[in-house]
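J.: The primary structure of each chain is shown beneath.
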Amino acid sequence: MNEATIEPLAGLDTHTATESFGDLYERSFDRVYAYVQSMLHDRAAAEDVTAQAFERAYRKRRSYRPGRGSTEAWLFGIARNAALDELRRRKRRAHLATDPEDLDAQPLDDVAETALRRQTVRAALDTLDPRERELVALKYMAGLSNTEIAKVVGISESNTSTRLNRTITKLREACLDRI
Amino acid sequence: MDRELAVALAAEAPVARPGFKEELRERVDAGFPRERRSWLPSRRKLLPALAVATCAVVAVSVVGLDRSDQHEDVPLSRGGAAEKAPNSTVAPSPTPPPADRSFAPGRERRIERSARLTLQAPGDRLEKVGQEIVNTTERYRGYVLSSSLGTGQDDAGGTYELRVPAGDLRDALRDLGRLGTVRSQSQNGQDVTAGYVSAADRLQAARAERRSLLRRLERAGDQTGAEALRRQLDLNARQVSGLRSQLRELRVRTDYAAVSVTLTSGEDNGGAAGAGGDGLGGALDDALGSLSDSVELLVRALGVAIPVGALALLAWLAARTVRRRRRDAIL
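Sequence lines, in order, name chains G and X. The working numbering numbers the first residue of the first sequence as 706 and each following residue consecutively. The working numbering numbers the first residue of the second sequence as 0 and each following residue consecutively.
Rather than coming from a laboratory, the hints here were simulated on the basis of the structure. Glycine is no exception: its CB is placed at the ideal position from the N, C-alpha and C atoms. Check each hint, because a few of them may be wrong.
[To be verified] With the Cβ distance kept under 10 Å, some of the chain G side facing chain X (calculated, not the full set):
hint, residue
1, Ala817
2, Leu830
3, Thr832
[Stated by the list, open to error] If you want the footprint, here are the derived chain X segments under chain G, 3+ residues with CB under 8 Å:
hint, region
4, 5-14
5, 23-30
6, 167-177
Using the sequences and the hints given, assemble the complete structure.
T.: In structure tokens, the structure reads:
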């Protein structure tokens, strides 16, 4: 294993003081990917951006300060910036006028009820604006706390709670409309 | 309902394709090797370094300019030892004259020099020191323009306006400095060559005109014409006279340096007057002077660096905010 991987990243984790970057990767990869793809709706771009986010985080790992938030907040902040940069690039190129449907993300063997429920949730998610979808992704797909979300998005914690409540209410109503 | 919704949302989390996590893991283990590494530092490192370098250059330039506006310190000999007075400032050799078509290279430069000297001597020696000031001036073939000396309790001290041949100014100041403790000294020099040359040229022209007028007067046929020429000659004579006085005044001002000596009463902390400034006292004075200069330079540098740094910080914060807003604007 590379020395850089096992290099203790003091303060990188709130749980153990000797967590390596590899540990952080293992712990957060799935959630970072889920968040990035929910932002980009493009599997290939999500892979690129996820890789980019981890590489950026790796190179900037010494700049992490525990006092400024958890490792998750730090990592998701980097991922968010990478995703937003990708969205901006994409907008400039005008390749994707609308979010394409990711066909791979839809398992074909879902049972009917599950499929219907997921279809309802997806449709409800589509009614949200991008900022609301991002909050949902950070909260329910990445599993971040409100404090961490506030750090990532750059708003206050109370504002985060308010926005999340409003978003969930909107989402719930959208789901009920479709049942 | 909320719990169910939360579960449903979590279930909606996209999953990476099989193999991608392992591929990326390999790169993590390898420490994200760079494909090519430029010999140049990254832009993120280069920009702050450039900004700091720019600030430093600006600070040094401004401080340098600021200091060059001042008079340079020169050592002043006292008691045989080179010593710098506490506030000793001396003008550097006057800068080369500005490009002026009236100044011909090779012509003697005319520099108007002046110096100020504050001497301190014990109250009971003021009179003697005052006399020595006059003697020193005369020894250098200078003269005392005005002087006043008080030896009473309240008005102890004096002032001397001296004129010393410009070429002997340095030596004269050195000798005057030996008469007491030098509390401050400054010298100034102003290049008046252009004005001098201009006046000399105009005088030459006026004289040539005078010769011409005289020749025309010799050949004047009628009385009226002769009278007109005489009036012109009168005007010309006044012009020549004015220019000659102007030149004479300039010559005196440049041949002799104006030296103002202020004599104050007080005990000599650095040793007896005339006994020299060697020893611990002199060394301490030198050390304090050097320290004072260093602090002064530091304060000046900070005076430039702090505002520049504050501006750079504000610019950086503004750029960061704008960058963040531009990023977020995509959502």
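J.: Please go over all the hints and tell whether each is borne out by the structure.
T.: Comparing the hints with the structure gives:
1. At about 15 Å, the closest approach between the beta carbon of G:Ala817 and any beta carbon in chain X exceeds 10 Å, and the interface hint on this residue is violated.
2. Hint on G:Leu830 holds. Least Cβ distance to chain X is approximately 7 Å, under the 10 Å limit.
3. Checking G:Thr832 against chain X by beta carbon gives a least distance of about 14 Å; that is not within 10 Å, so the hint is violated.
4. Note: the region 5-14 of chain X has 9 residues with beta-carbon separation from chain G under 8 Å; the three-residue rule is met and the coverage holds.
5. Counting residues of the region 23-30 of chain X whose C-beta lies closer than 8 Å to any C-beta of chain G gives 7; at least three are required, and the coverage claim holds.
6. With 0 residues carrying a beta carbon less than 8 Å from a beta carbon of chain G, the region 167-177 of chain X misses the three-residue requirement, and the given coverage is violated.
In this structure, the earlier hints numbered 1, 3 and 6 are contradicted, and the remaining ones agree with it.
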